[in-house]
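Work out the full structure: start from the sequences and follow the hints.
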Amino acid sequence: MNKPIRTMAVVVMALFVALLVNSTYLQYIRADELNSRNDNKRVRDAEFSRERGAILVNGTSVAESVPVDDKFEFQRRYPQPLKYGHLTGYYSYTYGRNAVELTQNDILSGSDSRLFVNRVVDMFGNTDPKGGDVTLTVNPAAQTAAFDGLRELGGPGVKGSVVALDPSTGAILAMVSSPQYDPNELSSHRLTEISDAWTRLTEDPDRPALNRGIQEVFPPGSTFKLVTAAAALESGQYTPDSRVPGGATLDLPQTDNVLPNDSGGSCGGERITLTQALEVSCNVAFGFLGMEIGDDALREQAQKFGFGDRYLDDLNGQVESRFPSDPDEPQTAYSAIGQFDVAATPLQMAMVTAGIANGGTVMKPYLVDEVRSPDLDVLDKANPEPYRNAVSSSVARDLTQMMISVVDNGTGATAQIPNIKVAGKTGTAQTSEGRNPYAWFVSFAPADNPEVAVAVLVEDAGVERDAISGSGLAAPIAKRVMEAVINR
Amino acid sequence: MPADPRTAFAHRRRRGAELFLLLLALAVGIGAYAAVGLGVEGTTPTDIIGYGGWLVLLVVAAHVTVRFTAPYADPVLLPVVAALNGLGLAMIHRIDLAELEQNTEANTFARDQLIWMTLGVLVFVAVLVLLRDHRRLQAFTYTSGLAAVVLLLLPLLPVIGREINGARIWINIGPMSFQPGEVAKVLLVVFFAGYLVLHRDALALAGRRVLGIDLPRGRDLGPILGMWLVSLGILVFQRDLGSSLLFFGLFLVMLYVATERPGWLLLGGTLFAVGAYFAYLVMPHVKARVGAWIDPFGTEYDSYQIVQGMYGQAWGGLVGRGLGQGDPTLIPFSYSDFIVAAIGEELGLTGVMAVILLYGLIVERGLRTALVARDAFGKLVAAGLAVVFALQVFVVIGGVTKLIPLTGLTTPFMSYGGSSLIANWAIIALLLRISDQARRPLPDLSGPADDDATAVVMIR
Numbered sequence: 001m002n003k004p005i006r007t008m009a010v011v012v013m014a015l016f017v018a019l020l021v022n023s024t025y026l027q028y029i030r031a032d033e034l035n036s037r038n039d040n041k042r043v044r045d046a047e048f049s050r051e052r053g054a055i056l057v058n059g060t061s062v063a064e065s066v067p068v069d070d071k072f073e074f075q076r077r078y079p080q081p082l083k084y085g086h087l088t089g090y091y092s093y094t095y096g097r098n099a100v101e102l103t104q105n106d107i108l109s110g111s112d113s114r115l116f117v118n119r120v121v122d123m124f125g126n127t128d129p130k131g132g133d134v135t136l137t138v139n140p141a142a143q144t145a146a147f148d149g150l151r152e153l154g155g156p157g158v159k160g161s162v163v164a165l166d167p168s169t170g171a172i173l174a175m176v177s178s179p180q181y182d183p184n185e186l187s188s189h190r191l192t193e194i195s196d197a198w199t200r201l202t203e204d205p206d207r208p209a210l211n212r213g214i215q216e217v218f219p220p221g222s223t224f225k226l227v228t229a230a231a232a233l234e235s236g237q238y239t240p241d242s243r244v245p246g247g248a249t250l251d252l253p254q255t256d257n258v259l260p261n262d263s264g265g266s267c268g269g270e271r272i273t274l275t276q277a278l279e280v281s282c283n284v285a286f287g288f289l290g291m292e293i294g295d296d297a298l299r300e301q302a303q304k305f306g307f308g309d310r311y312l313d314d315l316n317g318q319v320e321s322r323f324p325s326d327p328d329e330p331q332t333a334y335s336a337i338g339q340f341d342v343a344a345t346p347l348q349m350a351m352v353t354a355g356i357a358n359g360g361t362v363m364k365p366y367l368v369d370e371v372r373s374p375d376l377d378v379l380d381k382a383n384p385e386p387y388r389n390a391v392s393s394s395v396a397r398d399l400t401q402m403m404i405s406v407v408d409n410g411t412g413a414t415a416q417i418p419n420i421k422v423a424g425k426t427g428t429a430q431t432s433e434g435r436n437p438y439a440w441f442v443s444f445a446p447a448d449n450p451e452v453a454v455a456v457l458v459e460d461a462g463v464e465r466d467a468i469s470g471s472g473l474a475a476p477i478a479k480r481v482m483e484a485v486i487n488r
Numbered sequence: 489m490p491a492d493p494r495t496a497f498a499h500r501r502r503r504g505a506e507l508f509l510l511l512l513a514l515a516v517g518i519g520a521y522a523a524v525g526l527g528v529e530g531t532t533p534t535d536i537i538g539y540g541g542w543l544v545l546l547v548v549a550a551h552v553t554v555r556f557t558a559p560y561a562d563p564v565l566l567p568v569v570a571a572l573n574g575l576g577l578a579m580i581h582r583i584d585l586a587e588l589e590q591n592t593e594a595n596t597f598a599r600d601q602l603i604w605m606t607l608g609v610l611v612f613v614a615v616l617v618l619l620r621d622h623r624r625l626q627a628f629t630y631t632s633g634l635a636a637v638v639l640l641l642l643p644l645l646p647v648i649g650r651e652i653n654g655a656r657i658w659i660n661i662g663p664m665s666f667q668p669g670e671v672a673k674v675l676l677v678v679f680f681a682g683y684l685v686l687h688r689d690a691l692a693l694a695g696r697r698v699l700g701i702d703l704p705r706g707r708d709l710g711p712i713l714g715m716w717l718v719s720l721g722i723l724v725f726q727r728d729l730g731s732s733l734l735f736f737g738l739f740l741v742m743l744y745v746a747t748e749r750p751g752w753l754l755l756g757g758t759l760f761a762v763g764a765y766f767a768y769l770v771m772p773h774v775k776a777r778v779g780a781w782i783d784p785f786g787t788e789y790d791s792y793q794i795v796q797g798m799y800g801q802a803w804g805g806l807v808g809r810g811l812g813q814g815d816p817t818l819i820p821f822s823y824s825d826f827i828v829a830a831i832g833e834e835l836g837l838t839g840v841m842a843v844i845l846l847y848g849l850i851v852e853r854g855l856r857t858a859l860v861a862r863d864a865f866g867k868l869v870a871a872g873l874a875v876v877f878a879l880q881v882f883v884v885i886g887g888v889t890k891l892i893p894l895t896g897l898t899t900p901f902m903s904y905g906g907s908s909l910i911a912n913w914a915i916i917a918l919l920l921r922i923s924d925q926a927r928r929p930l931p932d933l934s935g936p937a938d939d940d941a942t943a944v945v946m947i948r
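First to last, the sequence lines map onto chains A and B. FYI, the working numbering numbers position 418 of the first sequence as 418, with every residue one higher than the one before it. Counting from 1 along the second sequence, just add 488 to a position and that's the residue number in the working numbering.
To be clear, the hints were calculated from the coordinates, so they are not data collected in a lab. The beta-carbon is built from N, C-alpha and C at its ideal position, and this holds for glycine as well.
Simulated coverage check for chain B against chain A, where a stretch passes if three residues somewhere in it have a Cβ under 8 Å from a Cβ of chain A:
1) 732-745
2) 799-813
3) 863-875
Okay, here's the thing in structure tokens:
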């Protein structure tokens, strides 16, 4: 009977080797994957009781971990919750993480591979591991200007957004969305408090947790005329001085309808220059241009500015801006003036503006400037990279001149800054019947050496229908943000 | 092994080696207990002297018994078991502390487990003292078989039978609950060994050859089919996948060892595969286990326990979080079936490998005992015990580490559970008894040296 016993010994050995190999697979090879799963409470608990890194803006922390006397030992705190809440995001035991707390979690929690050496040192030194710090590109003065600007239109209930970019790098200098929420409420350690706050936020019809700068698209209205103008100039068939129709209405083919101007009257003559058309935001002229160059050229131009793409890595949930896929001719005319099915995020419109400001090259937008280890060694520094070449530099120059003229002589006068050349474009986007239009303003300054490009959207400020216009509501905020950056 | 046992290698007693290894095992058990205190509360536990003293007492009692009643027994088995049991106790104590942290009214298990361990050692001593020759068990072949079947049926009885977590494998005696299957396991080994010693020639030699496999005669096949039915019965009526697999696997292996016909493994394996497949098709309980195994992160089947176990082990990584530094209470039943996951979390892959290797050592020493045993009955009992132990370890650790579908079985010597602990201590006592007989120098016999004939004479 010894032979089968020996055989069984081999079989049993094979079983035990299988156990050993499988344990190695589970605890070593697959460990990272299992540890990074979202529903893994262990990893979350450990992260919660670790000193998480801070999120900094110009050296001041806008998110920090402070020691507390409970099971988790550290509490996440947001000193300026409303002003920076949409950027920092929340760090919630129950609802996970959001915004920079989510995208930079590896660094903040200290589990990033670049912090491996720190972790080993901590392990042998028997000190608790710490997370690294993240510095944002935000300019606090610009952020404050944008925040206050929206607030002063009508208090905390104003719906709107401001996004400011550095045209030459793509760095986000300001990003404000209103109404705001307080991430402290979601990051508390009292679980019922968290879930109450969560319910309140998700049931609020105004959706305060939504970052309107990137997570929602709006009809861009007349600010989209910049894209139409860019497509027209790029086609080579038009110059800023080309004559285009400027009458009171534009006949739309295939229908009995006509496209009127906002004012109801003409744009200053039956034939006007392209520059004039932009100055007065002439619907007739741009509707005509759109039909002339066609929806494909418009779409292609829009895509060169970033429509239909996701380009923001530092914040989660950026939605794609869109241009309709197959419009007929009247729809193309409406699309050319930023109506019909055209929709863009405020960040997208800021990128259109910044692309023009930067000689036609759109830079990839980013929010994280610098990442540091707990010992303040710089681990990573943002490296600006071009995103797409939207227009040639000569077209960018022409568009800049046209936009300067909008501010100097046209609808954008409210954005003028003494002694500084400002280039801009207003927009008033119709939404649906019975709903107030959206007020837009996009601009950059100084026009000859741009330092900041900004897009302002006012979705609803609780003012009368007649008082809503890009120049009246949005342009003053843009001006304030530009001043904050330039006068720094 | 040489053909003539009288010229075989003469084994020494090696009791001194056993004592030295036992000291190491005590260091593991008491050290782990102290480490738990340090990890959880920051100081060594206040009862470390009393606890450690009690462990020392138990180990010394076991060692002294072996020294006097089985002086030639294998010197490795007892220390390995002591180390595993001590580590298991410390781990259960650690999980108790974690539970108490969350709920001061929580059930604790470590004290009960220590009592069970004490009873286990008493059973161990009793087996060694009362059973001076394992061949006496052969007289109880059919008694054991009957007792095993009765024990297996007990949980199905209305009053004392109890269903816990879907498996009806428990009985209530007064305030205590007991898993009779664990004891039935030992009895079945004895029954199979006794039965096969008598029938192995008929099973091996009579019958026809079909497709290269030697098939036995119908009447010899009866008990095998009967055992197959019993296994399926356990599966169907008690819904205990693990025990079903264990008993049938045990039977097949013993049949193979007795007859030296691999065809039995093939035939039995096929029967089991067919039965298991039908169980999978028909029984939602089995289907759920397999489903949770194939796709633990899916939502179709409840896989919370296995996923938490995997998270725990992954969190432990190579060296573990350290005793007291993990979160083993997140895993349901981390003090019993899933104790290996808790070990994996706090002692890491290193700890799990050490535990698996210790189990491997027990199995290896058991099979070695079977190899050197001088009588067929002893060989079969030792091989059966070693294999049933190996299968149990494989099924439970394989289930916890997601190598195979999860089935409910206790982890020998580590899981909380009295029946399992007592039965396993009895298994070790039996192995030591057989090993003592096998390693003892042969008396100078002038009579016939035929093992089997001698055995029969001695029994009757």
